[in-house]
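> The sequence shown begins at 8 in my numbering and counts up one residue at a time.
Heads up, a few of these hints could be off.
[Claimed, not checked] List time: in silico DMTMM-like cross-link candidates among lysine to aspartate or glutamate, alpha-carbon distance up to 20 angstroms:
#1 Lys-75 to Glu-109
#2 Lys-89 to Asp-59
#3 Lys-69 to Glu-99
#4 Lys-89 to Glu-99
#5 Lys-58 to Glu-24
#6 Lys-26 to Asp-59
#7 Lys-28 to Glu-99
#8 Lys-69 to Glu-22
#9 Lys-75 to Glu-22
#10 Lys-89 to Glu-110
#11 Lys-69 to Glu-109
#12 Lys-69 to Glu-54
#13 Lys-69 to Asp-59
#14 Lys-58 to Asp-41
#15 Lys-83 to Glu-109
#16 Lys-83 to Glu-46
These aren't lab readings, by the way, just hints derived from the structure by calculation.
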Amino acid sequence: MATKHENQDGTVIAEREQKLKPPSMYVVLLLNDDYTPMEFVVAIIQEYFQKDRETAMQIMLKVHRDGKGVCGVYLKDIASTKVELVLRHAREAGHPLQCVMEEA
(Lines of atoms letter the chains of each structure in order from A and count residues from 1; the text may use other names and numbers.)
(Lines give C-alpha, C1' and ligand atoms only; values in the text may rest on other atoms or scores of the structure.)
Protein backbone atom coordinates (compact mmCIF):
# COMPACT_ATOMS: atom_id res chain seq x y z
CA MET A 1 0.00 0.00 0.00
CA ALA A 2 1.35 3.45 -0.85
CA THR A 3 1.24 6.62 1.21
CA LYS A 4 0.76 9.86 -0.74
CA HIS A 5 1.81 13.33 0.30
CA GLU A 6 2.50 16.61 -1.43
CA ASN A 7 5.95 18.02 -2.00
CA GLN A 8 6.64 21.78 -1.41
CA ASP A 9 5.94 22.55 -5.08
CA GLY A 10 2.62 20.69 -5.02
CA THR A 11 3.91 17.48 -6.62
CA VAL A 12 2.23 14.38 -5.22
CA ILE A 13 4.75 11.80 -4.09
CA ALA A 14 3.77 8.20 -3.46
CA GLU A 15 5.90 6.24 -1.03
CA ARG A 16 5.63 2.52 -0.59
CA GLU A 17 5.08 1.48 3.01
CA GLN A 18 7.63 -0.97 4.25
CA LYS A 19 6.30 -4.11 5.81
CA LEU A 20 8.41 -5.26 8.69
CA LYS A 21 8.72 -8.95 9.26
CA PRO A 22 9.28 -10.36 12.71
CA PRO A 23 12.90 -11.12 13.62
CA SER A 24 14.22 -14.61 12.96
CA MET A 25 14.20 -16.98 15.88
CA TYR A 26 16.92 -19.52 16.64
CA VAL A 27 16.76 -22.92 18.32
CA VAL A 28 19.53 -23.64 20.84
CA LEU A 29 20.50 -27.32 20.88
CA LEU A 30 22.76 -29.45 23.04
CA LEU A 31 24.54 -32.29 21.24
CA ASN A 32 25.31 -35.67 22.76
CA ASP A 33 28.83 -36.89 23.44
CA ASP A 34 30.21 -39.92 25.27
CA TYR A 35 32.10 -37.99 27.94
CA THR A 36 30.04 -35.19 29.49
CA PRO A 37 28.28 -36.42 32.66
CA MET A 38 24.48 -36.38 32.57
CA GLU A 39 24.32 -34.39 35.82
CA PHE A 40 26.52 -31.68 34.31
CA VAL A 41 24.16 -31.43 31.32
CA VAL A 42 21.17 -31.13 33.66
CA ALA A 43 22.93 -28.38 35.63
CA ILE A 44 23.76 -26.48 32.40
CA ILE A 45 20.13 -26.65 31.25
CA GLN A 46 18.88 -25.40 34.61
CA GLU A 47 21.43 -22.59 34.87
CA TYR A 48 21.44 -21.20 31.32
CA PHE A 49 17.93 -22.04 30.13
CA GLN A 50 16.01 -21.54 33.40
CA LYS A 51 14.38 -24.98 33.32
CA ASP A 52 13.21 -26.81 36.42
CA ARG A 53 14.99 -30.07 37.29
CA GLU A 54 12.32 -32.31 35.79
CA THR A 55 12.29 -30.45 32.46
CA ALA A 56 16.10 -30.37 32.43
CA MET A 57 16.16 -34.14 32.97
CA GLN A 58 13.75 -34.65 30.06
CA ILE A 59 15.90 -32.50 27.75
CA MET A 60 19.07 -34.31 28.89
CA LEU A 61 17.47 -37.70 28.16
CA LYS A 62 16.39 -36.49 24.71
CA VAL A 63 20.00 -35.42 24.04
CA HIS A 64 21.23 -38.80 25.28
CA ARG A 65 18.73 -40.87 23.23
CA ASP A 66 18.39 -38.81 20.05
CA GLY A 67 21.80 -37.16 19.84
CA LYS A 68 20.46 -33.65 20.35
CA GLY A 69 17.83 -31.78 22.31
CA VAL A 70 16.19 -28.37 22.18
CA CYS A 71 16.90 -26.12 25.15
CA GLY A 72 14.93 -23.12 23.89
CA VAL A 73 14.07 -20.76 21.05
CA TYR A 74 15.44 -17.21 21.16
CA LEU A 75 16.26 -14.13 19.13
CA LYS A 76 19.61 -14.44 17.36
CA ASP A 77 21.66 -12.36 19.82
CA ILE A 78 20.25 -14.14 22.86
CA ALA A 79 20.73 -17.58 21.29
CA SER A 80 24.32 -16.74 20.36
CA THR A 81 25.09 -15.53 23.88
CA LYS A 82 23.62 -18.67 25.44
CA VAL A 83 25.68 -20.89 23.11
CA GLU A 84 28.87 -19.01 24.02
CA LEU A 85 28.16 -19.17 27.76
CA VAL A 86 27.39 -22.90 27.69
CA LEU A 87 30.51 -23.70 25.64
CA ARG A 88 32.72 -21.60 27.95
CA HIS A 89 31.30 -23.25 31.07
CA ALA A 90 31.75 -26.74 29.59
CA ARG A 91 35.36 -26.03 28.55
CA GLU A 92 36.22 -24.57 31.95
CA ALA A 93 34.82 -27.72 33.56
CA GLY A 94 36.84 -29.91 31.16
CA HIS A 95 33.86 -31.31 29.24
CA PRO A 96 33.47 -31.58 25.44
CA LEU A 97 29.75 -30.68 25.50
CA GLN A 98 28.63 -29.06 22.25
CA CYS A 99 25.94 -26.39 22.02
CA VAL A 100 24.76 -24.99 18.69
CA MET A 101 22.02 -22.77 17.29
CA GLU A 102 19.92 -23.21 14.16
CA GLU A 103 17.39 -20.91 12.56
CA ALA A 104 13.90 -21.98 13.62
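> Quick check: which numbered hints come out false for this structure?
3, 5, 6, 7, 8, 9, 14, 16
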